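Colleague: The numbers in the working numbering rise by one with no breaks, and the one at position 10 of the sequence shown is 10.
Since the hints were derived computationally from the structure, they do not count as laboratory data. Computed from a prediction, not measured in an experiment: that's the story for all the values here. Treat each hint with caution, since some may be false.
Stated by the list, open to error - Pair ranges (Cβ atoms, derived):
1. Pro99 <-> Leu486: 54 to 60 Å
2. Trp58 <-> Ile190: 20 to 26 Å
3. Leu537 <-> Arg39: 51 to 57 Å
4. Glu208 <-> Gln157: 39 to 45 Å
5. Thr468 <-> Gln151: 52 to 58 Å
6. His26 <-> Glu197: 33 to 39 Å
7. Asp135 <-> Glu449: 51 to 57 Å
8. Glu490 <-> Trp153: 57 to 63 Å
9. Leu137 <-> Arg346: 47 to 53 Å
10. Glu197 <-> Arg346: 55 to 61 Å
11. Arg39 <-> Glu490: 55 to 61 Å
12. Asn240 <-> Trp153: 42 to 48 Å
Claimed, not checked - Using 27 Å as the maximum straight-line C-alpha spacing, the simulated DSS-like pairs for lysine-lysine come out as follows:
13. Lys444 <-> Lys164
14. Lys285 <-> Lys329
15. Lys67 <-> Lys231
16. Lys329 <-> Lys276
17. Lys239 <-> Lys128
18. Lys522 <-> Lys28
19. Lys168 <-> Lys28
20. Lys285 <-> Lys533
21. Lys164 <-> Lys67
22. Lys164 <-> Lys276
23. Lys522 <-> Lys533
24. Lys128 <-> Lys168
25. Lys78 <-> Lys28
26. Lys251 <-> Lys389
27. Lys231 <-> Lys164
28. Lys389 <-> Lys522
29. Lys67 <-> Lys276
30. Lys78 <-> Lys191
31. Lys128 <-> Lys359
32. Lys168 <-> Lys231
33. Lys522 <-> Lys376
34. Lys251 <-> Lys128
35. Lys329 <-> Lys444
The C-beta atom is built at its ideal place from N, Cα and C for all residues, glycine as well.
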Amino acid sequence: MSTAETTSDVLAGAERVDILGVNYLHLKTRDDGDLYVTRHGETLLDNIRPESWFERGWFRQHRERLKGTSTIYRIQTKRVRGRSADIVVKWSRMGQDVPLETKVLEDFLSAEFNTPFEEFALVEQLRKGDFGPRDTLILTHRPLGIYVPPQRWQLWQTGRSRDKVNRKVRSHPGVEIDILRQYIVIYEWIKGTDAAETFEEMGLPDDELEQLTYRVDAEIHAKGFQVADMKPAHIIVRKNLDGQLVRHHGKISYALVDFELLQRTPEHEERIREAKRSEYLRRQKDRLRESVEPLPSNLTSVNILGVDYIFGRVESTNGRLWIVGRDAKLFDYFQPERWRATNQVRMSDSHHVYYTLTKDNIHLVWKTSRVGEIPKPIKLDYQGRRMIKAGYNSPFEEFALALELGRQGFPVTYPRAIYMTGTRTSGPDLPQDMRAFMRLAHLKTPEGEPILRPERDYIKIWGYWNGTDEMLASGSGEVYQGINALQAYERGLLTEDDLRRLTLRAIERLTELGYDYVNLSKHHFLLTLDSNKNLVLDAQGEPEFRLCNFEMLRRISDREEG
Numbered sequence: 001m002s003t004a005e006t007t008s009d010v011l012a013g014a015e016r017v018d019i020l021g022v023n024y025l026h027l028k029t030r031d032d033g034d035l036y037v038t039r040h041g042e043t044l045l046d047n048i049r050p051e052s053w054f055e056r057g058w059f060r061q062h063r064e065r066l067k068g069t070s071t072i073y074r075i076q077t078k079r080v081r082g083r084s085a086d087i088v089v090k091w092s093r094m095g096q097d098v099p100l101e102t103k104v105l106e107d108f109l110s111a112e113f114n115t116p117f118e119e120f121a122l123v124e125q126l127r128k129g130d131f132g133p134r135d136t137l138i139l140t141h142r143p144l145g146i147y148v149p150p151q152r153w154q155l156w157q158t159g160r161s162r163d164k165v166n167r168k169v170r171s172h173p174g175v176e177i178d179i180l181r182q183y184i185v186i187y188e189w190i191k192g193t194d195a196a197e198t199f200e201e202m203g204l205p206d207d208e209l210e211q212l213t214y215r216v217d218a219e220i221h222a223k224g225f226q227v228a229d230m231k232p233a234h235i236i237v238r239k240n241l242d243g244q245l246v247r248h249h250g251k252i253s254y255a256l257v258d259f260e261l262l263q264r265t266p267e268h269e270e271r272i273r274e275a276k277r278s279e280y281l282r283r284q285k286d287r288l289r290e291s292v293e294p295l296p297s298n299l300t301s302v303n304i305l306g307v308d309y310i311f312g313r314v315e316s317t318n319g320r321l322w323i324v325g326r327d328a329k330l331f332d333y334f335q336p337e338r339w340r341a342t343n344q345v346r347m348s349d350s351h352h353v354y355y356t357l358t359k360d361n362i363h364l365v366w367k368t369s370r371v372g373e374i375p376k377p378i379k380l381d382y383q384g385r386r387m388i389k390a391g392y393n394s395p396f397e398e399f400a401l402a403l404e405l406g407r408q409g410f411p412v413t414y415p416r417a418i419y420m421t422g423t424r425t426s427g428p429d430l431p432q433d434m435r436a437f438m439r440l441a442h443l444k445t446p447e448g449e450p451i452l453r454p455e456r457d458y459i460k461i462w463g464y465w466n467g468t469d470e471m472l473a474s475g476s477g478e479v480y481q482g483i484n485a486l487q488a489y490e491r492g493l494l495t496e497d498d499l500r501r502l503t504l505r506a507i508e509r510l511t512e513l514g515y516d517y518v519n520l521s522k523h524h525f526l527l528t529l530d531s532n533k534n535l536v537l538d539a540q541g542e543p544e545f546r547l548c549n550f551e552m553l554r555r556i557s558d559r560e561e562g
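Work out the full structure: start from the sequences and follow the hints.
Modeller: Set out below in structure tokens:
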């Protein structure tokens, strides 16, 4: 930092971002690069800015190449405001082939280098030590920041595989990775020397070094992590004033470095999934309450047709995403990579309706919107003409009606999110029924685009009915299963008379509330099965039901006459 440059100058335009659970201060560097600073690095911000260590003359004169197959250096930064710092800088090898020994490859066939943001997230979790025995603490050098120089290279120059990088991006939606830019991770230098070098210098036996390596590996595993290439060079030990190794309770004290192949154990990964599911259920219960957490800069709170959403761009697909409610923490749960790359169960023979269990262990149902299509009734009778005249609702209208009905005490399934694809519609033609687009033409995104675009596909994401949000969040009571009325009839749980009464009850109740469903079908009702596969009944002894389709629901006051 020059003497004329103030901290305010450096932080001008900086923003707080949360990436994979790590809070960063993101700022543009003087060379138009990007610097992501962790909470550890903020106290050394002046020193880890690239002009304090990466200027060509300084870097060449003060760097010390460290052992290993990667490009890694120890460097003393320039003195800024009376202080310099010893740091370790390492060029990320994400997307490159892993040069491991055959034995390790056999044990970790899927091992891939972490992205810088994955690496820092895993290191912070390891340092925090919430998983595993409380009396075991793994010490590491502190992650300070990630520097992304502005230069863009040809893909062949980076040594990266596009497939490998794309897999990483898909596994962590919302994390921006530029495959053509270099990423340099910055750690604080930790005092000591690696165990292999130290044991050789002290003349200690190889079996003692091997025992230390096994012990470290076991302790890391107990804390829920594993390293595909654990070796003594990654273990840092120190000597005391007597020239002996520092010990704690008789055991050699150590710290770890090098985390580009750190990963969670399967047991820990499953625990993380369950924790994310629990957080999701808790947040869904309160999604419509006023949020006290600040919005990230990439997300915006909007209201469409009386429904609160969190809106944002889907960087991986250039799509757009609206999630119901006011809780921005729910946004990443609905990134398309979390639910489109999982096993799908088709739930309708006539339309694209799928059930899936997401990567976060969340049960969802997603449906492609038919907005813009002209309904194709089986018969062109009075009912068929009503369908054509009504047309399909837009996703935003469906969600508004569902939430409106729910507030009035009519049971409905939960609307969760609307996803607009980033590419043009896969259909051969533009929509033939433009009425919904005209109705919503005045509504824009925060970017100034129409929320409903005829050249895009829309996907509606609904909660899979297995209980109320409150019940699921508390973890108490039974977990239910939804079944539509036709399926219940086919399984012998309902008679034809039951079906008829159920439909009449629904129509009467909707009419009382001021709604008309143009083409109410047996597929549009969900009944509830308890853990014994029996229908759940209401206080009158009738099967409980809830509406799960809103494509042709209308307010009577809005219904076209004629």
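Colleague: Look at each hint and say if it fits the structure.
Modeller: Tested hints:
no., hint, verdict
1, Pro99 <-> Leu486: 54 to 60 Å, "holds, 58 Å"
2, Trp58 <-> Ile190: 20 to 26 Å, "holds, 22 Å"
3, Leu537 <-> Arg39: 51 to 57 Å, "holds, 54 Å"
4, Glu208 <-> Gln157: 39 to 45 Å, "holds, 44 Å"
5, Thr468 <-> Gln151: 52 to 58 Å, "holds, 53 Å"
6, His26 <-> Glu197: 33 to 39 Å, "holds, 37 Å"
7, Asp135 <-> Glu449: 51 to 57 Å, "holds, 55 Å"
8, Glu490 <-> Trp153: 57 to 63 Å, "holds, 60 Å"
9, Leu137 <-> Arg346: 47 to 53 Å, "holds, 49 Å"
10, Glu197 <-> Arg346: 55 to 61 Å, "holds, 59 Å"
11, Arg39 <-> Glu490: 55 to 61 Å, "holds, 58 Å"
12, Asn240 <-> Trp153: 42 to 48 Å, "holds, 46 Å"
13, Lys444 <-> Lys164, "violated, 37 Å"
14, Lys285 <-> Lys329, "holds, 13 Å"
15, Lys67 <-> Lys231, "holds, 12 Å"
16, Lys329 <-> Lys276, "holds, 11 Å"
17, Lys239 <-> Lys128, "holds, 26 Å"
18, Lys522 <-> Lys28, "violated, 57 Å"
19, Lys168 <-> Lys28, "holds, 24 Å"
20, Lys285 <-> Lys533, "holds, 26 Å"
21, Lys164 <-> Lys67, "holds, 26 Å"
22, Lys164 <-> Lys276, "holds, 25 Å"
23, Lys522 <-> Lys533, "holds, 19 Å"
24, Lys128 <-> Lys168, "holds, 24 Å"
25, Lys78 <-> Lys28, "holds, 20 Å"
26, Lys251 <-> Lys389, "violated, 80 Å"
27, Lys231 <-> Lys164, "holds, 25 Å"
28, Lys389 <-> Lys522, "holds, 21 Å"
29, Lys67 <-> Lys276, "violated, 38 Å"
30, Lys78 <-> Lys191, "holds, 19 Å"
31, Lys128 <-> Lys359, "holds, 24 Å"
32, Lys168 <-> Lys231, "holds, 25 Å"
33, Lys522 <-> Lys376, "holds, 18 Å"
34, Lys251 <-> Lys128, "holds, 21 Å"
35, Lys329 <-> Lys444, "holds, 23 Å"
When the structure is compared with the earlier hints, violations turn up for hints 13, 18, 26 and 29 and for no others.
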